[in-house]
Structure formats: C-alpha cells, structure tokens
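Asks: Spelled out, the chains give:
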Amino acid sequence: MSLPFAAIIVIIIALVAGALALSAFIWAIRTKQFSIEQLNRGALLIFDDDEPVGTPQDMVFKDNSTHGKKEDEKAG
Amino acid sequence: MMFIRSFLFFFGVLATVLLGWAALVGVPDFMVSEIQPPEGLQRYTEEQLYGRSVYIREGCMYCHSQQVRPEGFGVDQERFWGRPSVPADYVFDKPHLLGTMRTGPDLMNIGVRQSSIDWHLVHLYNPRIVVPGSIMPPFPWLFVEKLSAGPNDKVITLPDSLAPEGKVVVAGRDANALTAYLLSLDRSYPVAQGKPDTTKKK
Amino acid sequence: MAKKKTKKPADPHGEFRGQRTEADQERRIVIDDAARTPTVLYFGSGIFWLLVGSLFGIIASLKFNLPDWLGSSAALTFGRIRPAHLNTVMYGWASLAGAGMIVWLTARLCRIQLQLAWVHYLAVILWNLGVLAGTVAILAGYNQGMEWLEFPRFAGAMIAVGFLLFAASIIQTFRKRNVDHLYVSLWYILASMIWFPFLYVVANLGIYQGVIQAAMNWWYGHNALATWFTPIGLAGAYYFIPKVIGRPIYSYYLGLLGFWAFALFYNWNGIHHLVGGPLPTWLVTVSIVASVMMVVPVMAVAVNHHLTTVNHFRMLKFSPTLRFVVIGSMCYTAVSVQGSLESIRSFQEVAHFTHYTIGHAHLGVYAFLSMILFGAIYYIMPRLARWEWPYPGLIKAHFWMSIAGIGIYVIALTVGGWFQGVQLNDPAIPFMDVVEYTKVYLWARSIGGALMVVSHFIFAFQFVMIIKHAGPRRFAPALFRESAPMQREEREP
Chain A
1 MSLPFAAIIV
11 IIIALVAGAL
21 ALSAFIWAIR
31 TKQFSIEQLN
41 RGALLIFDDD
51 EPVGTPQDMV
61 FKDNSTHGKK
71 EDEKAG
Chain B
1 MMFIRSFLFF
11 FGVLATVLLG
21 WAALVGVPDF
31 MVSEIQPPEG
41 LQRYTEEQLY
51 GRSVYIREGC
61 MYCHSQQVRP
71 EGFGVDQERF
81 WGRPSVPADY
91 VFDKPHLLGT
101 MRTGPDLMNI
111 GVRQSSIDWH
121 LVHLYNPRIV
131 VPGSIMPPFP
141 WLFVEKLSAG
151 PNDKVITLPD
161 SLAPEGKVVV
171 AGRDANALTA
181 YLLSLDRSYP
191 VAQGKPDTTK
201 KK
Chain C
1 MAKKKTKKPA
11 DPHGEFRGQR
21 TEADQERRIV
31 IDDAARTPTV
41 LYFGSGIFWL
51 LVGSLFGIIA
61 SLKFNLPDWL
71 GSSAALTFGR
81 IRPAHLNTVM
91 YGWASLAGAG
101 MIVWLTARLC
111 RIQLQLAWVH
121 YLAVILWNLG
131 VLAGTVAILA
141 GYNQGMEWLE
151 FPRFAGAMIA
161 VGFLLFAASI
171 IQTFRKRNVD
181 HLYVSLWYIL
191 ASMIWFPFLY
201 VVANLGIYQG
211 VIQAAMNWWY
221 GHNALATWFT
231 PIGLAGAYYF
241 IPKVIGRPIY
251 SYYLGLLGFW
261 AFALFYNWNG
271 IHHLVGGPLP
281 TWLVTVSIVA
291 SVMMVVPVMA
301 VAVNHHLTTV
311 NHFRMLKFSP
321 TLRFVVIGSM
331 CYTAVSVQGS
341 LESIRSFQEV
351 AHFTHYTIGH
361 AHLGVYAFLS
371 MILFGAIYYI
381 MPRLARWEWP
391 YPGLIKAHFW
401 MSIAGIGIYV
411 IALTVGGWFQ
421 GVQLNDPAIP
431 FMDVVEYTKV
441 YLWARSIGGA
451 LMVVSHFIFA
461 FQFVMIIKHA
471 GPRRFAPALF
481 RESAPMQREE
491 REP
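Protein chains in written order, with our numbering: chain A, 1 to 76; chain B, 1 to 202; chain C, 1 to 493.
Because the hints were derived from the structure by calculation, they are not lab data. Being a predicted model, the structure only gives us computed values, none of them experimental. Check before you lean on any hint, since a few could be wrong.
Stated by the list, open to error - For lysine-lysine, the following BS3-like pairs were computed, each having C-alpha atoms within a straight-line distance of at most 25 Å:
| # | chain 1 | residue 1 | chain 2 | residue 2 |
| --- | --- | --- | --- | --- |
| 1 | C | Lys317 | A | Lys62 |
| 2 | C | Lys396 | A | Lys62 |
| 3 | B | Lys167 | B | Lys154 |
Stated by the list, open to error - Output of the computed footprint for chain B on chain C, the stretches with three or more beta carbons under 8 Å from beta carbons of chain B:
| # | stretch |
| --- | --- |
| 4 | 77-91 |
| 5 | 140-154 |
| 6 | 191-204 |
| 7 | 218-232 |
| 8 | 267-276 |
| 9 | 427-436 |
The C-beta atom is built at its ideal place from N, Cα and C for all residues, glycine as well.
Next up, chain A with everything else stripped away, as it sits in the complex:
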C-alpha cells in the first residue's frame, strides 16, 4: 500500500502534535502547574451544599421520602 507524500506529512503532524500535547501535559503535572488532585476536584463541581455528595437526586419512583441528609442505600 503506497502512501503519498502529503498524507505522510499530515499523519506525522498529527502524531507530533499529539506527542507534544502529551509531553506538555506531563511537564505541567511534574512542575506543579496543576496537580492531579486539583484536576480531580473538578469532579465535585456538580455538587454544592444543597445537593452535596452522597445525596441521590431524582427519586421519582420511590414512595417514602428520602431526606437529603441520609446516606444512600446499603451496598448491593
């Protein structure tokens, strides 16, 4: 299968760009531009004091009330 010159160029550009991006990311982590912990905190953005972690939402089919403070159900 022959690969034309122009295609080789484009593929190389893409691979180099990808490698550069990955190295930049690793460099940033290493030199503490930001940390993994800082990254992972982003996951908490969808929660707040009123709908905190541990509070299930949208219990439409349940009959009895689920008070916000209650931890969600036992394992299973």
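Got chain A sorted already, so can you dock chains B and C onto it with the hints?
Replies: For chains B and C alone, kept in the frame of chain A given last:
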C-alpha cells in the same frame, strides 16, 4: 493562566478538526484532482443529466450502490456487476452517487446488464411486474395516462390488474430521462487499475 | 493515581469564586429560571420533530414490508421518506433536544444565568424553519443528493445561522462563568461549538465532486456524530450519572485523557464508510486505524461511568433519568466497540451495504444518544416547570416500550443484516433470494419501530402535561426537600 488554558483548548480543538479534514479531504483532493477523464467515458447528455436528477429526487441511492468492489473483496465480479470501480469513473459525477446500501443490486454497469428500455420502463412503473418478490417502490408518477398514445410516446404494456380502463400508460419525461440515465451507466471501458482497496488475503 | 474518596464534605464555595447567595438552592433556582424558556422551546420543538421523524421512520420501514402501500404518492415514496426521517430525527429531534440540554447544563455548570438569552428565540425559530423547509423540500423532490446533507442550501443556511446564534450564547455564558474549573461536560460542549460550524459550512459549500465529494460526504457524516451528536450524549452522561447517584465521576483525570483521545481520533474515522470503494487504499486504512483507536477514549468513558455507577445499580429502579442515561452510556460503549470492529476490512466485506449498518446506526443515535436525551429531559423539566412528572406510570411505559422497541430493532437488523451480507458474498445465491431472506427481519424491524413510535407519543403527552401542571399535586421529595415546596408555590407565576 486561564487565558492560556482557554487558548490551548481552543487551538487544540480547532487543530483536531482541521487535521482530520486535511487528511481525509484536503490531501486526497490534491491528489485526485490530477485525474483525467478516461477515454471510454462520455460526459452525460442533457437528458441523462436530467434523468440523474430524477434518480436523486426519488432517492434511488438509498437502496442502490454505484461502486463495484475490487476482485477478491466480495463477489461483485461473480455477480456480473462489472470491473472494479476506479476514481476516474466518477469525474463527471456531481453529486457522487456511490450509495451505501444494496437492498437492490449495484447499478454501476446496469446499462450493460439490462439495456432494454422497455424493461426499465415497466420495472419503474411497478417493479413487481418483472421481478416478483421485489421490494422496490413503484413510480407511477413518472408516467402519464392518456386516452391514446402520441406519435413519440412510448407505451408500456401492463398486466390487466394494473392497466387503467380505457387508457394507455405512456412514459413521461421523467421516466424517459431516468431510463436514459440508467442506460448510460456503463463503466466497462478499460482503465489502468490502481491497487485495489483490499489487503485481505484470499 | 490519587483517587479521591468522597469522605470529605464538598466545599465548593472554598474552591470557586463567585457570589455567595443565600443558599445554593436559591442560586440554582435563579439560574434555572433564566434558562427556562429557551430550554423548553428547544425541548418542545425537538419532541415535535421526534414525533414527525418517528412517523416518517415507521412509514419507511413498512415500505420494505408492503412496497405498494401508498404506492402512488410521490411524497411518501421510500426514497423521499427515508431522508426525511434521517434529517428530521437528527437535525430536528436530536439537535434541538440536545441544544436544550446544553443550554440548561451550561448555565448550571458555569453557575451563572444564561447570557445573551434572547438569541435563542431567534435560533429556535430559524432552526425549526430550516428543518421544516428542508423536510418539505425533500418530500417535494428537492434533494442535494448526499446522505446527511440532503437539505437544500437555504435550509442548511438557516440551520447554520441558528446554530451560530445558539453557540454565541453558550460561549458568552462560558466567558462570564462563576467557576474556576470547567466540568468535563463543558469541554465536550465547547468543543462542539467550535467543531460543528466548521464542519457544516465546509460540507455545504458545494465545491467538491466525484470520489472526493464522497470522501467529504463521509468525513462530514461521521464527524457530525463525532463533533456534535456524540458530545451531546457524553456531556449528558458525564453530568447526570454522577449527579443522580450523588457521587463524583470515578476518575476525572481519566476523563481528561479520554476527551483529548476522542478529539484526536474520532475526526479521522469518516472513510470507514467507503471500505472497498474507489478511493486510495491508504485513505481507507487511515480511517480504519483511527476507528480502531477509538477503543481508547471509549474505554476511558466506559470505565469512568461504570466505576461511578457500580454498587449503585439499585438506583436505576428509582430514577428514570438514571435508567435512560445508564442504558445510553452502556450502548455508547457497545456501539463504539461494534464500530471499531465493523471498520475492519474482513468485517466490512460482509456487513457493508447490508441492513447491519442500519442496525448499528440506530444503536448509536437511538439507544445511545436518544436515551440520554430522554433521561436529560426527565431530569430537567421538573426543575424548570417546578412540577413533578404527573404520571410516573407513563414514564415506565415510555421506558419499557422504548427499550423493547430498539432491542427488537437492533437485534433483527444485526442478525438479518449479517446473514444478508454472508449470502450476498455467495455468488451461487441469486440476489432475489437474499432479498426474500431479509423480509422476516424487516417485519421484526417494523414491529420494533412501532413500539418506539408509540413510546414517543406517550413521552410527548406527558411533556405537555408537566408544562400544563397537570396531574395530582405531590409533595414527593423526588426533587424538592420538604421545606422547599411552600416557598416555591408562592413564587410560581
């Protein structure tokens, strides 16, 4: 810092789509644009072009492909659908009608396989007349019912169950043009075959 | 890698700058209120096209079973109904419902009221007019002649302008955000604001012909999925799964890697629609490689969502949103892995040109994307309408009929399509025998499709009912804590 991150994000995202376009469209365009029309390929006539627009209008491409696969990849040659298609076969095609389904057979060389105008007309009127069990739609609106045929009209012979009382059914402009287009689908002229698109070993 | 446990209490106010309002609940209500009308307009018009598009779909399906049914109507012939179906469900239902979800989600995730909200009124009108005009045109016989790009240019232009207006508001909301971090859903949303306009405009320029136009056609077709439709689904899944369960995404960092792998690889997939076609071999191979590489970002998403949900599958019993979104997310994994396999040449040799492909397409846009959109609407609407879903039984009916419908549909076309392909590759079997073979599977497809259509009408009915505040008044704490409902009643318009 946020500005740099936003810039990187924007630039990175744009780069990914531009690279993809370049690889899949830009580069091939640059290469294929050098292809000359093959000697055996005629430009479409006006009537054939109009017929092609009828083909598009009625959505024929949603059931029929126009690309013959390479030897050894599927059995297109064993089904007598023609020689493998090459980019040069499509230089006059705008829009392309390569198709993605074979609910019906491939039509790249239907003009060779079925060159009877009358067969095509009856088939278009209602496919089940000539192909029992076919699930292709009927296209009666491409035809005209008249009390008597004019001098240039092509009358189609219908079975009693479909023939209208006291009238004849003749091919309308659309049916004639579409048939002319279908008959023009003949890519049997020889071309220099590029490497076929398969690495599958037989 | 440091995997955060969620023992420590969430303290977002320590993390994020922005106004301290009296209660997070208060702030959330203010934000929801500002997004309400645009979101409901997008949802409502999207659902309208869902009904229209579903009806087109069942007509198209029945035409395979009964080709002479309504056979003298040009507007209803398969070749016009089929593109009418595709364009209304994609540019109508999926795009508009997706836009509604994005509007609400962006405001929530940026913790600010929707900016430039007025543009959405224009956008909704233009977009819907574009879809309407394009659909009428197709049925009347005007078709640009390429799959996914059938709408005449003027209709496409209206959709493009509508999209750009919508994007302007989203980007402006992002610029005015009250958060320091961008939640993962926003990456997908913002990326699609950049990607899709480029894609749609280039594809509609009309500057290509011949086999290159085919390459462009499928660069566009697959990238429409990559740069608009899939990001909608993933943005929804990344938000609703952790939100409903009440646990953060398992590994946010994995989500980051997954996003960039997605961006890098997905864009190159398009030519896997043309395996065996009259194009340079290297071009097809490049797309096959990229298609297989998609396993990387897909697995990142799958691992993330699975490990977020594991031990909490019981919650699917209680939350309609979680049901729809988890099923949708699982089907994302399934359809993507199927796609990676399907792109391989020996697989394509059998499956290409058969009904198998159609099964795959519906596994993607229905079982993945539409399921997530249903889940999103079931979550968002009560918060905007400030009313509970009046008939939970109808939610269940929608869910089960929908699942049953798409299940029958996909299994029928996958099995039938595969063996159709096997037989087509046997030259001893006459073509018409293969057609005959597929008929029973095409009937099964119509049955599956009919179930889906009915479920959509049920869904649409209840959508109207919740807007009208119909049904018994409930103080169920599905949404509102018991102290809240009284305040809310006072404030209701």
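Asks: So, for every hint listed, does it hold in this structure?
Replies: Okay, the hints, checked on the actual structure:
no.	hint	result
1	Lys317(C) <-> Lys62(A)	holds, 9 Å
2	Lys396(C) <-> Lys62(A)	holds, 13 Å
3	Lys167(B) <-> Lys154(B)	holds, 14 Å
4	77-91	holds (count 6)
5	140-154	holds (count 7)
6	191-204	holds (count 6)
7	218-232	holds (count 3)
8	267-276	holds (count 8)
9	427-436	holds (count 5)
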